[in-house]
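Asks: Sequence:
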Amino acid sequence: MESFEKFIGDVSSFVWGPPLLILIVGTGLYLTLRLGFLQFRMLPYSLKLAFTKKQDSKSEGDISHFQALMTALAATVGTGNIVGVATAVILGGPGAVFWMWITALVGMATKYSEAILAVKYRVKDKNGEMSGGPMYYLERGLKQKWLGVLFAIFGAIAAFGIGNMVQSNSVSGVLKSTFSVPTYVTGIVITIFTALVILGGIKSIGRVTAYFVPIMALFYLIAGLIVLIMNASLVPEAISLIFTDAFTGEAVAGGALGAVIRWGVARGVFSNEAGLGSAPIAAAAAKSDYPGRQALVSMTQVFIDTIIICSITGITVVMGDLYSSGAEGNALTSMTFEHFLGPIGSYIVAIGMLLFAYSTILGWSYYGEKCISYLFNESAIKYYRYAFVIAVFIGSVTTLDIVWGIADVMNGLMAIPNLIGLLGLSGVVVAETKRFLDVVKAEKAQKKNQASS
-9 MESFEKFIGD VSSFVWGPPL LILIVGTGLY LTLRLGFLQF RMLPYSLKLA FTKKQDSKSE
51 GDISHFQALM TALAATVGTG NIVGVATAVI LGGPGAVFWM WITALVGMAT KYSEAILAVK
111 YRVKDKNGEM SGGPMYYLER GLKQKWLGVL FAIFGAIAAF GIGNMVQSNS VSGVLKSTFS
171 VPTYVTGIVI TIFTALVILG GIKSIGRVTA YFVPIMALFY LIAGLIVLIM NASLVPEAIS
231 LIFTDAFTGE AVAGGALGAV IRWGVARGVF SNEAGLGSAP IAAAAAKSDY PGRQALVSMT
291 QVFIDTIIIC SITGITVVMG DLYSSGAEGN ALTSMTFEHF LGPIGSYIVA IGMLLFAYST
351 ILGWSYYGEK CISYLFNESA IKYYRYAFVI AVFIGSVTTL DIVWGIADVM NGLMAIPNLI
411 GLLGLSGVVV AETKRFLDVV KAEKAQKKNQ ASS
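If you number the sequence shown the way the working numbering does, the last residue is 443 and the count never jumps.
Incorrect hints may appear among the rest.
What the hints assert, rightly or not - Here are the computed lysine to aspartate or glutamate pairs in the EDC-like style, where the Cα-Cα straight-line distance is at most 20 Å:
1) K48 <-> D279
2) K431 <-> D279
3) K193 <-> E50
4) K372 <-> E227
5) K166 <-> E50
6) K166 <-> E328
7) K434 <-> E328
8) K438 <-> E422
9) K38 <-> D428
10) K424 <-> D279
11) K437 <-> E328
12) K38 <-> E433
13) K277 <-> E50
14) K135 <-> E328
15) K437 <-> E318
16) K48 <-> D0
17) K193 <-> E119
18) K193 <-> D279
19) K114 <-> E50
20) K372 <-> E50
21) K193 <-> D115
22) K277 <-> E328
23) K133 <-> E422
24) K114 <-> E368
25) K434 <-> E422
26) K372 <-> E(-5)
27) K193 <-> E422
28) K277 <-> E422
I should point out that these hints are in silico values taken from the structure, not numbers from a laboratory.
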């Protein structure tokens, strides 16, 4: 068993090695250039579109722009925002936070491109619901169904691991260590709450995440902002250290600049999932008149996840200066918040972990469902949902080293066919973008004329 664990660990290190990370960031940079830095030019409009009260209700789709965004955020705002960021600082030093930011900025173009293709090539299934994502644009756009099948296989397996059992295990572990709650009690409660939501399908998931995710994110953001405001004098020094260490690597043993970049990029991708192909599955379910409209909404997910939420963790951890203490990811974040806020700090991190992990389970349940549906048919969905719910409990009460390793490998492998699709269909992305920007320009002109008349 130990030799198998080592083998899985070696495969995971290879899959998530420099070649894949370079491909992910390189694809984001390539799309950024082809789209004329769209993510910077259109970010204010995108945020307005995502959070406007008036949502598209007439176009085809199952959920609103906002619900699709919250479902995707539910899946990505998870343990990576607490554990992943702290791990990046431990292994790569403060400068790793800078490279997380860079990964996110180019990743916004990737996320935009994924979503525009997901909506353009989506189909309506036998249940009358929208189905889309990499498997569909690989088959219908790139004409390479075998790549779509590969993605769906990797995605379905990853959903049970990184999107399910790993998350429920993290929750049960944190609640046991912080509040002395038995793991089986946590398992029963999470399983019941998961079943109540996911058995109702995407409309149920969309409704719950639309309320749950903003509250969850605000809870952690407010706690983090309190730390930053109470210790405002330390913030400039921490940010300065992040920027200087990003190009020197002095905080890492031996001044290994490569480690700073690698861990910053790796944890940035792990957190916001830009390039992995998961979020466009949720984007495809949105009611949208043009693919570009939902794509702009979807790209704000990376901004919220990494530029805002991960920054709270990253700057706080650097300010605390405890990353050389030997503590691991979750423990380091907990120690840092406790350092600044007293005992309540560790409770905040524990509750944050609970909320973030549970939301990830909800988001990934839908991703896995659509992968299973693509591989088999719609009738397989109900069996998948039952199995997914059972897996939540199993994850809560068992050790998961092998499950984590396999899920990590599958998560990385998802990116390969997806990135091939993004590069091969980049011309379609550019054409759809030009078409939609002309629509936006016409809409603005119309509003201006109406205001002046």
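Asks: Flag every earlier hint the structure violates by its number, smallest first.
Replies: Failing hints, ascending: 4, 5, 7, 8, 11, 14, 15, 16, 20, 22, 26 and 27.
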